[in-house]
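Participant: If you want the building blocks of each chain, they are given just below.
Number of protein chains: 2
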Amino acid sequence: MSGAEVDPVTLARAAWSRVAEPGDLTAGAVIAALGPVDALAWLRDAARAGDSQRGAGGPVVGIDPVDLFDDGADHHPAGRADDRAGGLGGASRRRLAAAVGRWAPRLEGLDPLRELRVLARLGGVVVHPGTPGWPTALADLGPAAPPCLWVRGDAAVDAAVARSVALVGSRAATAYGEHVAAELAAGVADRGFTVVSGGAYGVDAAAHRGAIAGGGRTVVFLAGGVDRPYPAGNAALLARVLETGGSVVSEVPPGSVPSRTRFLQRNRLIAAAAVATVVVEAAWRSGALNTAGHAAGLLRPVGAVPGPVTSMASAGCHRLLREGVAVCVTDAGEVAELAGAGADLAPARAEAAAEVDGLGLAARQVLDALPVRRAAGTDSLARAAGLSIAQVNAALGPLELAGLAERDGPGWRRRARAARP
Amino acid sequence: MSGAEVDPVTLARAAWSRVAEPGDLTAGAVIAALGPVDALAWLRDAARAGDSQRGAGGPVVGIDPVDLFDDGADHHPAGRADDRAGGLGGASRRRLAAAVGRWAPRLEGLDPLRELRVLARLGGVVVHPGTPGWPTALADLGPAAPPCLWVRGDAAVDAAVARSVALVGSRAATAYGEHVAAELAAGVADRGFTVVSGGAYGVDAAAHRGAIAGGGRTVVFLAGGVDRPYPAGNAALLARVLETGGSVVSEVPPGSVPSRTRFLQRNRLIAAAAVATVVVEAAWRSGALNTAGHAAGLLRPVGAVPGPVTSMASAGCHRLLREGVAVCVTDAGEVAELAGAGADLAPARAEAAAEVDGLGLAARQVLDALPVRRAAGTDSLARAAGLSIAQVNAALGPLELAGLAERDGPGWRRRARAARP
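So the protein sequences, as listed, match chains A and B.
Each residue of the first sequence is one higher than the last, beginning at 1 in UniProt numbering.
Each residue of the second sequence is one higher than the last, beginning at 1 in UniProt numbering.
Some hints here could point you the wrong way.
Stated by the list, open to error - From the structure, some residues in chain B lie toward chain A, with a derived Cβ separation under 7 Å:
(1) R106
(2) V305
(3) R322
(4) R383
(5) L387
Since the hints were derived computationally from the structure, they do not count as laboratory data.
The beta carbon of each residue, even a glycine, is placed where N, CA and C say it ideally should be.
All chains, full assembly: derive it from the sequences and hints.
Facilitator: This is the structure in structure tokens:
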């Protein structure tokens with residue numbers, strides 16, 4: 001791969017994914033306003049200007065940044081009054097200067113082409129809003145959307161997540177949590193849903209494994225680079241995801257290490273990419289609740305799987321239920337209903353019909369009053385059931401037909417329902 | 001006890017509780033309109049008239065029953081048009097005639113004084129709207145309110161249920177369900193709540209036992225007479241309820257047997273008497289869901305305890321959560337909040353504070369970027385954290401103060417937080 005093989009937009013977006021940390025709203029606004037290529041050129045100018053003016057206190061930005069914030073996405077309302085006064089306000093200028101200050105150190109040694117080559121050697125590609133595989137659902141993140149995704153395996157991420165559900169939860173899952181995650185994943189995979197998760201130990205890993213076991217596709221969003229399986233103990237699982245037609249995706253370039261903030265930002269990608277998010281098992285404080293919060297904020301359906309109240313590992317799920325953030329889901333059908341179209345409505349539960357189903361209230365009362373051993377007359381049955389003799393007589397016919405009552409001399413007694421033919 | 005010792009209202013209400021089945025709306029309306037004594041006298045007349053006119057198809061009622069239905073509580077809206085036409089409609093006349101038909105067989109051998117004597121020998125009393133112990137909350141049942149309650153033990157049922165919660169659930173409870181029922185009952189008893197339940201095996205029994213273990217009071221609503229502990233295996237438990245200041249209550253007279261319909265009607269008493277109802281464990285079809293439905297219909301708060309989704313014994317609880325009938329409750333504090341006044345708000349969960357609590361975002365990012373072994377300079381930390389050098393310098397101070405970062409030559413490295421003094 002030479003530089004000429006890579007279009008400048010892809011190269012610039014790859015560079016931005018190295019320069020700005022995930023979820024950097026200012027970067028998103030600058031890229032949206034100038035386009036990734038011009039935004040990068042502007043950043044290089046601004047960084048040089050900043051170097052030459054360091055300590056002078058003047059503006060560090062070489063072009064008028066008012067144009068960048070036409071959409072108002074990234075500046076404080078107070079800044080708008082300044083805009084009306086004919087220029088970008090001091091607060092927004094300071095914000096841009098601060099952003100240049102945090103991006104500039106990463107311009108040194110920046111080499112997106114090298115990182116694209118690393119990805120290409122792994123068989124991966126970069127997808128972004130100008131390429132077919134880009135999951136357009138990420139647009140809901142606004143300026144927090146990543147500049148691009150680094151993808152190994154199936155590059156058609158958009159198609160993969162069009163019918164999908166995120167199954168997330170604690171790394172420190174119990175056997176119950178892992179069992180349920182695998183069952184739900186297999187069940188929704190069988191219904192044609194892609195399972196999205198974070199590749200972590202516990203619930204995430206069980207969900208990916210379940211999806212594969214169910215013959216389905218699964219997408220892993222990593223917090224670090226796609227060249228470094230994390231955690232290392234799940235390397236074989238990630239390899240299996242790729243072998244089975246799934247994808248391993250990250251918004252940070254190869255070589256990037258996962259960090260606490262990157263994990264939290266990664267969660268927003270899972271929430272935005274999947275149609276719905278289900279928390280399978282999560283303690284009171286859990287990153288999975290952060291994912292659920294992102295999904296709720298994006299108006300995506302959120303589900304939570306209940307568990308024993310004696311298990312602290314389910315306390316976060318119960319918290320979501322109590323706070324009304326999540327709907328209670330207990331099986332794959334209900335998860336499919338949450339994430340699906342009308343045709344995915346969970347089927348009504350089929351349960352064995354009770355003996356008394358189909359009987360009227362009076363018949364049920366007579367049935368209750370019928371003695372099992374010694375037969376009783378209709379007058380006695382009327383007193384026992386609290387019904388008139390006419391009502392008792394009317395009820396005995398259907399009960400006899402149903403095989404629940406039988407005549408015995410002048411009276412009646414109960415008998416077990418006859419086996420159906 | 002002679003007849004002279006019993007006031008006629010109590011005697012008449014006791015008689016009505018024998019004549020009409022629990023939840024008989026027509027009986028409630030007739031008693032409300034005429035008062036229990038006159039209503040009973042009217043019934044005797046009407047039954048005699050019915051005997052003499054049986055088969056003639058004419059009205060069986062000896063007084064103009066229009067007065068009975070002034071409140072409109074018990075007749076179909078279609079009847080109102082008839083009312084406006086100047087008399088009770090045919091449908092309502094037929095309904096009254098049918099009621100007399102089902103009540104009349106029980107007039108034979110009616111002897112409320114004998115049943116009151118049975119109760120008195122057991123140390124019990126009858127409470128009704130004219131006596132102090134009557135739980136006024138039952139008025140919310142309207143014409144479905146019972147004419148009286150037969151009470152053993154503490155007769156001040158009103159005071160007992162003023163601060164109360166019903167804990168109900170499956171007879172076929174799991175060890176989990178019984179454990180949680182007992183824990184919740186002990187916890188709310190400790191907070192001064194009376195535990196109301198149905199005295200059945202499983203969740204009910206565990207709830208009563210837990211309340212006693214928690215030093216609290218418990219009220220048992222039986223579907224049969226209070227002279228017949230049901231189920232027999234819980235006889236010792238019911239005795240213990242009485243010994244510990246609790247009450248055993250029924251709307252049917254001594255000697256009455258429980259029946260399916262009486263169990264279902266008994267559930268409405270539990271739902272109406274308690275301030276809130278919590279279903280601890282219930283299968284998809286369970287009488288406990290009937291109780292929850294009554295409570296919801298009475299606008300009482302309803303809670304459900306989640307359980308493993310792999311346990312069919314919790315499927316009914318999850319159904320209540322999914323359908324929005326119940327709030328998810330997981331401990332006694334949350335149950336108390338459901339059933340209590342403002343002072344009973346569940347406390348916020350106290351959990352061990354995470355190491356990074358109180359740190360700003362930039363400090364967290366620097367903390368993530370700090371190497372553990374070899375120290376790193378601020379320029380390297382800025383690139384790794386995606387921050388400006390000035391931000392890194394600003395963050396290192398608080399991190400050093402918190403004992404999370406330490407200088408090492410010209411650079412910095414991470415260290416474990418020092419033990420608090």
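Participant: Let's test the interface hint: is any C-beta of chain A closer than 7 Å to that of B:R383?
Facilitator: 5 Å, holds
Participant: Does B:V305 meet its interface restraint, that is, does its C-beta lie within less than 7 Å of any C-beta in chain A?
Facilitator: 6 Å, holds
Participant: How about B:R106: closest beta carbon in chain A under 7 Å, or not?
Facilitator: Cβ of B:R106 sits 5 Å from chain A, so the hint holds.
Participant: Holds or violated: is there a CB of chain A closer than 7 Å to the CB of B:R322?
Facilitator: With a closest approach of 5 Å, the B:R322 hint holds.
Participant: Do the numbers back the hint for B:L387, that is, is its least Cβ distance to chain A under 7 Å?
Facilitator: 5 Å, holds
Comparing the model with each numbered hint stated earlier shows that all of them hold.
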